[in-house]
Structure formats: structure tokens, C-alpha cells
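**Student:** Chain by chain, the residues run as shown.
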Amino acid sequence: DSGVTQTPKHLITATGQRVTLRCSPRSGDLSVYWYQQSLDQGLQFLIQYYNGEERAKGNILERFSAQQFPDLHSELNLSSLELGDSALYFCASSVGGSGTDTQYFGPGTRLTVL
Amino acid sequence: GDSVTQMEGPVTLSEEAFLTINCTYTATGYPSLFWYVQYPGEGLQLLLKATKADDKGSNKGFEATYRKETTSFHLEKGSVQVSDSAVYFCALGSAGAGSYQLTFGKGTKLSVIP
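Residue numbers (this note's numbering), protein chains in the order written: chain P, 339 to 452; chain V, 98 to 211.
Bound-form chain P, shown alone (with noise of 0.2 Å):
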């Protein structure tokens, strides 16, 4: 258990339809980071929060947004679902915001989008 936790587990819904995705870092992390993980493009970065602050953006669509919450908890928002959107979701976190910190991973949202 590596003390992040990500709900839902699973999550079914249809395309045109807007999901949010929940993420609690573990104790004392100040840094969340979203991944999206799919068959043809592997592990891609989406979003960084530090300390309830945008640091950094990687491949996130536009219909994609997030934010970090006072508490440090964390919301992946995503709208206007297409069938690609389908991909595990994964949060992850850090003590620091530096790229050189050990990220610990949740168990990951998985989005299926019929």
C-alpha cells in the first residue's frame, strides 16, 4: 500500500459526459501528479499541483482539468468523454515538487467511455 488513494476504481460512462476523479496524497506530500496509462500510449503525464499551485502540464487535453484542494486532495476533471478518453487514470505523489523525488502511485481510476 503505498498510502495514496484514488477513487472510484472503476468508472463506466458515455461519450459526451463529464467524470471527476479523486486523489488523496499520502501523509505529508505537498506534490499530486496525474498519469494516463493506455494500450498505444504508454504512461503519458498529464498535470502537476504543489502545494495547491499548477506546476506543471504535460499532455492534457483541453476537455481535461484538475485542481488541488487546500486539504492537498486532488480532482481530475474530465469532459466531454471520447472513446479514446478509455485509460487508467493514475495519481501519484512526492514529498517535494522536484522531478528527482520518488513518486508513490495510487491503484489508478479505470475510465471505460462506451
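No wet-lab data here; the hints were simulated from the structure. Bear in mind that the values here come from a model prediction, so they are computed numbers and not experimental data. We put the CB at the ideal spot given by N, CA and C, even for glycine. Mixed in with the good hints, there may be bad ones.
To be verified - Facing chain V, from chain P, some residues (calculated, C-beta under 10 Å):
| id | residue |
| --- | --- |
| 1 | V342 |
| 2 | L384 |
| 3 | G444 |
Unchecked claim - Derived list of chain V stretches under chain P, where covered just means 3 residues or more per stretch with a C-beta under 8 Å from a C-beta of chain P:
| id | segment |
| --- | --- |
| 4 | 120-132 |
| 5 | 142-152 |
| 6 | 180-191 |
Claimed, not checked - Calculated cross-link-like contacts (lysine-lysine; reagent style DSBU-like; alpha-carbon spacing at most 30 Å):
| id | chain 1 | residue 1 | chain 2 | residue 2 |
| --- | --- | --- | --- | --- |
| 7 | P | K395 | V | K146 |
| 8 | V | K157 | P | K347 |
| 9 | V | K206 | P | K347 |
| 10 | V | K206 | P | K395 |
| 11 | V | K157 | V | K203 |
| 12 | V | K146 | V | K203 |
| 13 | V | K203 | P | K395 |
| 14 | P | K347 | V | K146 |
| 15 | V | K149 | V | K206 |
| 16 | P | K347 | V | K203 |
| 17 | P | K395 | V | K149 |
| 18 | P | K395 | V | K165 |
Since chain P is already given, all that's left is putting chain V on it; use the hints.
**Tutor:** Only chain V this time, still in chain P's reference frame:
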């Protein structure tokens, strides 16, 4: 930009065989290097890490040495078990300005047969 190349799988080995999964990287500066493991239906777990040249990371019988001269971080285990069957990801965390995320290889699926 940063990149990680690891040997494509799948790799099938008999129990007690020797394992090597090759990983090479491209990065500026002095990155940290990681191996993560993903068991079926689960999230990514940190297996081992190394933060500077010639460091050896080790855990659960797995080892990898940070070789700056060959830009490599190959994963080895002397005697694999059925329980080692999983997907293994090599990753790089850069210390460069503006670089905060992990860059992953495509993953290598290992199957160990009794």
C-alpha cells in the same frame, strides 16, 4: 527532451532463470532513475531507485546500477519466481528547470513459468 528506451517484451522465463531488462535513457543534467513494477490489476509500485552515477538500487532480489557512461539502468535478478510476473517500467526523473514529471519507458511484460 528526456526519453527512456527499454527492451520490448514480452519476456518469458522459467522459474529460477536469470533476468535482465535493458533500459537506456537520454537526459540533460543528472537525473534520478527508477524501476517501477505493475502487477496485474494493480497500480505502479516503486521497485528501486538510484540518484547518482554508480549508485546501485536494490530490492526484493532485484538490482540496477546507474551507469552514466553508457546512460543505462538495466534491471537484473539472479533467480526469478512465478510471483515476479508483472510489467516493469524504467523511469527517469529530471532535475532540470521545468522538469517535474517522470518519463517512462513503454514497459516490459515478464511472465515466469513454473
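**Student:** The structure should be examined with respect to each hint, and the outcome stated for every one.
**Tutor:** Hint check results:
1. Contact between P:V342 and chain V, as hinted, is supported at the beta carbon level, the nearest pair being about 8 Å apart and thus within 10 Å.
2. Given hint, P:L384 at the interface with chain V, holds; its Cβ is 9 Å from that chain's nearest Cβ, closer than 10 Å.
3. About 6 Å separates the beta-carbon of P:G444 from the nearest beta-carbon of chain V, less than 10 Å, and the hint is met.
4. Evaluation of the coverage hint for the segment 120-132 of chain V: fulfilled, as 3 residues show C-beta separations to chain P shorter than 8 Å, against a requirement of three.
5. Figure legend: the segment 142-152 of chain V, annotated as covered by chain P; annotation consistent (4 residues with Cβ-Cβ distances under 8 Å, at least 3 required).
6. For a cut-off of 8 Å, the count of residues in the segment 180-191 of chain V with a CB near a CB of chain P stands at 3, and the three-residue condition holds.
7. Between P:K395 and V:K146 the alpha-carbon distance is near 24 Å, which keeps this suggested pair within the 30 Å criterion.
8. With a C-alpha separation of about 28 Å, the suggested pair V:K157 and P:K347 falls inside the 30 Å cut-off, and the hint holds.
9. For the hint pairing V:K206 with P:K347, the CA-to-CA distance comes to about 23 Å; that is within 30 Å, so the pair holds.
10. For the hint linking V:K206 to P:K395, the alpha-carbon distance of about 29 Å falls within 30 Å, and the restraint holds.
11. Taking the CA atoms of V:K157 and V:K203, the gap is near 23 Å; set against the 30 Å cutoff, the hint holds.
12. As the CA atoms of V:K146 and V:K203 are separated by approximately 18 Å, the hinted pair is consistent with the 30 Å bound.
13. Between the alpha carbons of V:K203 and P:K395 the distance comes to roughly 20 Å, so the proposed pair stays at or under 30 Å and holds.
14. For the hint linking P:K347 to V:K146, the alpha-carbon distance of about 28 Å falls within 30 Å, and the restraint holds.
15. For the hint linking V:K149 to V:K206, the alpha-carbon distance of about 27 Å falls within 30 Å, and the restraint holds.
16. With a CA separation close to 23 Å, the supplied pair P:K347 and V:K203 stays within the 30 Å bound.
17. Taking the CA atoms of P:K395 and V:K149, the gap is near 26 Å; set against the 30 Å cutoff, the hint holds.
18. Distance hint between P:K395 and V:K165 is fulfilled; the C-alpha atoms sit about 28 Å from each other, no more than 30 Å.
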